[in-house]
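Next come the chains, spelled out residue by residue.
4 protein chains.
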Amino acid sequence: MVPMIDAGIIGGSGYTGGELLRLLSNHPGVKVVAVTSRKLGGTDVSDKHAHLRGLYDLKFEDISPEEVAGRCDIVFTAVPHGSAMKLVPELLSGGAKVIDLSADYRLATGVFEKVYGLAHTDPREVVYGIPELHPEAASQDLIANPGCYPTGATLAAAPLVDAGVVERVVFDSKSGISGAGEEPSQVSHYPNMAENIQPYKLTSHRHKAEIVQELSRLGNIKVSFTPHVIPSVRGILTTAHMFVKRRLGAEEVRDIYREFYRGKPFIRLISGIPALPSVRGSNFCDIGFEIEKDSDRIVVISAIDNLVKGASGQAIQNMNLMSGLDERTGLWMPGVAP
Amino acid sequence: MVPMIDAGIIGGSGYTGGELLRLLSNHPGVKVVAVTSRKLGGTDVSDKHAHLRGLYDLKFEDISPEEVAGRCDIVFTAVPHGSAMKLVPELLSGGAKVIDLSADYRLATGVFEKVYGLAHTDPREVVYGIPELHPEAASQDLIANPGCYPTGATLAAAPLVDAGVVERVVFDSKSGISGAGEEPSQVSHYPNMAENIQPYKLTSHRHKAEIVQELSRLGNIKVSFTPHVIPSVRGILTTAHMFVKRRLGAEEVRDIYREFYRGKPFIRLISGIPALPSVRGSNFCDIGFEIEKDSDRIVVISAIDNLVKGASGQAIQNMNLMSGLDERTGLWMPGVAP
Amino acid sequence: MVPMIDAGIIGGSGYTGGELLRLLSNHPGVKVVAVTSRKLGGTDVSDKHAHLRGLYDLKFEDISPEEVAGRCDIVFTAVPHGSAMKLVPELLSGGAKVIDLSADYRLATGVFEKVYGLAHTDPREVVYGIPELHPEAASQDLIANPGCYPTGATLAAAPLVDAGVVERVVFDSKSGISGAGEEPSQVSHYPNMAENIQPYKLTSHRHKAEIVQELSRLGNIKVSFTPHVIPSVRGILTTAHMFVKRRLGAEEVRDIYREFYRGKPFIRLISGIPALPSVRGSNFCDIGFEIEKDSDRIVVISAIDNLVKGASGQAIQNMNLMSGLDERTGLWMPGVAP
Amino acid sequence: MVPMIDAGIIGGSGYTGGELLRLLSNHPGVKVVAVTSRKLGGTDVSDKHAHLRGLYDLKFEDISPEEVAGRCDIVFTAVPHGSAMKLVPELLSGGAKVIDLSADYRLATGVFEKVYGLAHTDPREVVYGIPELHPEAASQDLIANPGCYPTGATLAAAPLVDAGVVERVVFDSKSGISGAGEEPSQVSHYPNMAENIQPYKLTSHRHKAEIVQELSRLGNIKVSFTPHVIPSVRGILTTAHMFVKRRLGAEEVRDIYREFYRGKPFIRLISGIPALPSVRGSNFCDIGFEIEKDSDRIVVISAIDNLVKGASGQAIQNMNLMSGLDERTGLWMPGVAP
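Residue numbers (the numbering used here), protein chains in the order written: chain H, 1 to 338; chain L, 1 to 338; chain P, 1 to 338; chain A, 1 to 338.
For reference, chain H alone in the conformation it holds in the complex (with noise of 0.2 Å):
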């Protein structure tokens, strides 16, 4: 492997950074040369992350985006909303590319501050890092990585709403619970989660401006967007209702699917079900649709691992496109199942 990235993660202590690590921990082109923690600075990685124990010689640092950027070929921020911005641009001048994990750039401008009640201190235009849907990722410096929810009901829509058939669209998405980070609460503690489903902000999930955003892209559609968490630690299942203009047999809806994702490495259409242990631990979107007889609804399901497709293996594919690699390097494993 020829090129070899120095990489660093700030906010590596949550679950994101713990999974970059634990992905480019497998990738033959990078280097991890800091992490970053306002809190645990002075620590070892893998006192916080038992189970990198063994593969980093790594400690966590409270050090500055100039000092990361110095170090450093590509950051990859994994800090919450508000924060990023402040960071950016800094690393950006201190000449790192960037990969934004948190929301501060997903959004145009307007949208971010009316969806996040926030005011942008560091307004402008990013690419949306989906690469499938965005190939210009490749020749940027600065990528605003996608959330969780949006990749998964995205990708499951993308090439019917392009094909210009679809009128309406209900996404009723299914998480697991690492998807609200590593903080104990009354949602991820055990007894309120285990043989239960919850679904929450039913009408009001901020991803949804991210879904709008993309899908709108492709065709002029209606959206609703209610998300669930499911007793499950990763995965993200998004059931996709969608109704459409025209009825479509089953073999046009596959060549529109097929055309639309040709060459996309990390998209598997599948001729059941998905379910979420083929793509745990991996960077796959298994996609797979019925249509209703006699009826109007194509029920479309994408499986995702939020950590991985859906948060750092994503951001990881943003980097080999920025770098100038195959955008599978390091990336190319299978789900972990059962």
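Treat the hints with care, as some may be off.
[Claimed, not checked] Derived pair list, reagent style DSSO-like, types lysine-lysine, alpha-carbon separation capped at 27 Å:
(1) P:Lys222 to A:Lys245
(2) H:Lys222 to L:Lys201
(3) L:Lys59 to H:Lys114
(4) H:Lys264 to A:Lys48
(5) H:Lys31 to H:Lys86
(6) A:Lys48 to L:Lys201
(7) P:Lys293 to A:Lys48
(8) L:Lys86 to H:Lys293
(9) P:Lys114 to P:Lys245
(10) L:Lys48 to H:Lys245
(11) P:Lys245 to A:Lys222
(12) L:Lys59 to H:Lys201
(13) P:Lys222 to A:Lys31
(14) L:Lys293 to L:Lys245
(15) P:Lys59 to P:Lys86
(16) L:Lys114 to L:Lys201
(17) L:Lys59 to L:Lys86
(18) H:Lys201 to H:Lys114
(19) A:Lys201 to A:Lys222
(20) P:Lys201 to A:Lys31
(21) P:Lys245 to L:Lys59
(22) H:Lys59 to A:Lys264
(23) L:Lys201 to H:Lys293
(24) P:Lys293 to A:Lys245
(25) A:Lys264 to A:Lys293
(26) A:Lys48 to A:Lys86
(27) L:Lys114 to H:Lys222
(28) A:Lys86 to A:Lys39
(29) L:Lys48 to P:Lys264
(30) A:Lys245 to A:Lys222
(31) L:Lys245 to H:Lys222
(32) P:Lys222 to P:Lys293
(33) A:Lys31 to A:Lys48
(34) P:Lys201 to A:Lys39
(35) P:Lys245 to A:Lys293
(36) H:Lys86 to H:Lys114
(37) A:Lys31 to H:Lys264
(38) A:Lys201 to A:Lys114
(39) L:Lys222 to H:Lys293
These aren't lab readings, by the way, just hints derived from the structure by calculation.
Guided by the hints, dock chains L, P and A onto chain H, whose structure is given.
Showing chains L, P and A alone in chain H's frame:
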């Protein structure tokens, strides 16, 4: 408790049979005098249902419907569809009242024959036993006890449909795996079910016909239905995406539900979002909703225990009504939470 | 039911408080007239315990022990250790009988002070309320309700220890996570608990002192105890590896258990291996065993619901006895299986 | 990577076969050239193992051992016990090296025949492939790949037994249900396994013979073993209650383990308590311990992934050694946590 009912169960070895026995053990007005099983005739009920040990001194018997009817005031038929229609006429002519937990009498005969691909050998009009919608259940000799999905879906949507404001409903339902019965299969195999959520029969589940039948009585709407199994033993959570003809305020919606379910003790309208643990093991149906801002969508969530309100508990509720008892008798227990 | 008991709960917002309320809602001889909570005073009980909605019309109150004692015949104290000893004297002097669910009165004072590192402000000799071992509970005004692990462990081992044949017992106990309470923590965080089993306090859990105290009354043995939490909300399964001084046959062991637990309705001796679903939500303790061939080891398994027989159910069992009721009153329900 | 190994799998449709394929897809020095299945001959490997879709372009074949041996440098036999002994001689005489994942060659012939109640048709002395204990694996043509429970138990106990200080060990082992294979059964039925922990073969599991064999080589001790299945797909957590002849300090114990496992990259000695998520999907064995105060007991905990270090990963580790590769090749990946 004055009236002592002698009750029988035909097909007592499965989950709904076991659940009838569990619930009836707490019923002050019922004595179970016969439980049949072809395979387990002669063995102790608690050899199969270990949780019932000590509660019953009863053996499975392999006896005829006539004999069961001779002993019982009321008989529950917990057998596969296609079997009940062969037993019910004999039970009725033997003088017993019957609550059929199979699908045989739930649908208009023509619809049944189409949906189940089966000629009906005992066509008749039978009351569909959701007591909240069919108070006439009280005067019947035979009740068709509803399917689990239709109970959760219909109760969630009925008030708004009845109010004439609904155009389309998309039911995205999530069921505990006990709904698939006690026979092991690939779907119920722990490594396949854990850390997963499995959609199935995306557009063609038979229960849709029941939902359509019941909601069509109340209004003219389009119905979509997609079921999923979740890693939970019990429970059905229904996400009803309801699309309305005109905008409604929260207070108006609340009033519609309150009015519709006035005097129905097992319906609990709650201000937040229902959760399965609150109804686990109980006969309650918890319902909550949220109205999407600037949209024609209202999301209604209902939560039931599939084996209780979705099967055996509702059967006992019907029995109570048919016997002149308060419908709560023996069922007035909270969910087992956490 | 003749005697109507007015009951109170001090500390009703946690799991054991909620479980007392759940079980008492089914008790024909009890009326709950006071439930206290410092934090939740003034709010509806069902705002906290959503499963109880409709069953109680009751608010948490922030009132003094005196006031509780004035209203109640019997009071359950469901408070942390160290707090109960401050309340109990007032409750008793106020004329109420008391069942303390904390650890404060379970151990001999000297042992308590050493194990809990706390000076006891109300030292007295109190009956340890496993009714199967302490029938004298019936005549008491104050009962120390046992810990969850000690209940499962002691009931599993007592008969053989009492028979004088045991030299050493290694208790390897597995508890549902509800035993850790309703406060979210890293241990109860779903991503940490799911797909895991977490041993803790490998050699130093405080409950060991209770087990030693109770078994030492019956025989002179060596006791080891290691607890684990499992991905289950409820239940404690205890694997008791018992090392015996002389070989016993299966019939002899069975007779020892049968004799020891004769007339104890909540102990079910089973021929196979106990399972948690059989006791879920119920007050039963299921016990089974197997004798190792050519060995000095007998493996005894017990299964209880930690919140019922391991806490609130046993407390009600004690209440029944202290009130002259059949110990089964309000508790004679099977487990919620599946 | 210089040496390109052509590998074959006999019996590739089950969990260990699937896991070999998953892990080998990441191995830079191996090409899988044959996967057999009697039932699935002719179908795509990814029809059965959906997670492997896109990673392999390979069909199951129903071919003879001779043909497999002709194509392969090394063959993994992932077949039931009793079947391997019929295949291995042909594979060896065909010139292939063999790693047998069945039980057929793990035990001394006489012990095997007694434990499995089966005459051995190919008795020979074969190295038991825990590479940390058997470095001579490197020079073998045939390796008996160990059982999952014995791997976790033996690795937990070996250092202290080897140090001559142990008198008795009680292994209380907890396994993920994938250890029971991919065939649905009552044990693996979700409603039976969820919210439960199921002990089985309390005193008579066949794996005990392997543990005894391996530990007896190191010292003269008494061994007890009781397995449980837990509601987890993967993982074995072993609680080793070790009773010692003399008191040891924590530093001494730590030194014994450190010395014993020096240079063994897959053994991670940790200061806290091992957890299954840290090893999930990986070949690591994490080990921690605690010494009971004033007692002769030391509790050692080990955590492995039953399908990796407990089966297919260890098989590949053996393959690496037998092929002159670094044992970490293709296996040097962290656990998939959370």
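Evaluated hints:
{"no.": "1", "hint": "P:Lys222 to A:Lys245", "result": "15 Å, holds"}
{"no.": "2", "hint": "H:Lys222 to L:Lys201", "result": "25 Å, holds"}
{"no.": "3", "hint": "L:Lys59 to H:Lys114", "result": "67 Å, violated"}
{"no.": "4", "hint": "H:Lys264 to A:Lys48", "result": "23 Å, holds"}
{"no.": "5", "hint": "H:Lys31 to H:Lys86", "result": "25 Å, holds"}
{"no.": "6", "hint": "A:Lys48 to L:Lys201", "result": "20 Å, holds"}
{"no.": "7", "hint": "P:Lys293 to A:Lys48", "result": "41 Å, violated"}
{"no.": "8", "hint": "L:Lys86 to H:Lys293", "result": "32 Å, violated"}
{"no.": "9", "hint": "P:Lys114 to P:Lys245", "result": "32 Å, violated"}
{"no.": "10", "hint": "L:Lys48 to H:Lys245", "result": "53 Å, violated"}
{"no.": "11", "hint": "P:Lys245 to A:Lys222", "result": "15 Å, holds"}
{"no.": "12", "hint": "L:Lys59 to H:Lys201", "result": "50 Å, violated"}
{"no.": "13", "hint": "P:Lys222 to A:Lys31", "result": "56 Å, violated"}
{"no.": "14", "hint": "L:Lys293 to L:Lys245", "result": "15 Å, holds"}
{"no.": "15", "hint": "P:Lys59 to P:Lys86", "result": "24 Å, holds"}
{"no.": "16", "hint": "L:Lys114 to L:Lys201", "result": "17 Å, holds"}
{"no.": "17", "hint": "L:Lys59 to L:Lys86", "result": "24 Å, holds"}
{"no.": "18", "hint": "H:Lys201 to H:Lys114", "result": "17 Å, holds"}
{"no.": "19", "hint": "A:Lys201 to A:Lys222", "result": "18 Å, holds"}
{"no.": "20", "hint": "P:Lys201 to A:Lys31", "result": "46 Å, violated"}
{"no.": "21", "hint": "P:Lys245 to L:Lys59", "result": "41 Å, violated"}
{"no.": "22", "hint": "H:Lys59 to A:Lys264", "result": "23 Å, holds"}
{"no.": "23", "hint": "L:Lys201 to H:Lys293", "result": "12 Å, holds"}
{"no.": "24", "hint": "P:Lys293 to A:Lys245", "result": "25 Å, holds"}
{"no.": "25", "hint": "A:Lys264 to A:Lys293", "result": "30 Å, violated"}
{"no.": "26", "hint": "A:Lys48 to A:Lys86", "result": "25 Å, holds"}
{"no.": "27", "hint": "L:Lys114 to H:Lys222", "result": "34 Å, violated"}
{"no.": "28", "hint": "A:Lys86 to A:Lys39", "result": "18 Å, holds"}
{"no.": "29", "hint": "L:Lys48 to P:Lys264", "result": "23 Å, holds"}
{"no.": "30", "hint": "A:Lys245 to A:Lys222", "result": "12 Å, holds"}
{"no.": "31", "hint": "L:Lys245 to H:Lys222", "result": "15 Å, holds"}
{"no.": "32", "hint": "P:Lys222 to P:Lys293", "result": "22 Å, holds"}
{"no.": "33", "hint": "A:Lys31 to A:Lys48", "result": "20 Å, holds"}
{"no.": "34", "hint": "P:Lys201 to A:Lys39", "result": "48 Å, violated"}
{"no.": "35", "hint": "P:Lys245 to A:Lys293", "result": "25 Å, holds"}
{"no.": "36", "hint": "H:Lys86 to H:Lys114", "result": "19 Å, holds"}
{"no.": "37", "hint": "A:Lys31 to H:Lys264", "result": "24 Å, holds"}
{"no.": "38", "hint": "A:Lys201 to A:Lys114", "result": "17 Å, holds"}
{"no.": "39", "hint": "L:Lys222 to H:Lys293", "result": "14 Å, holds"}
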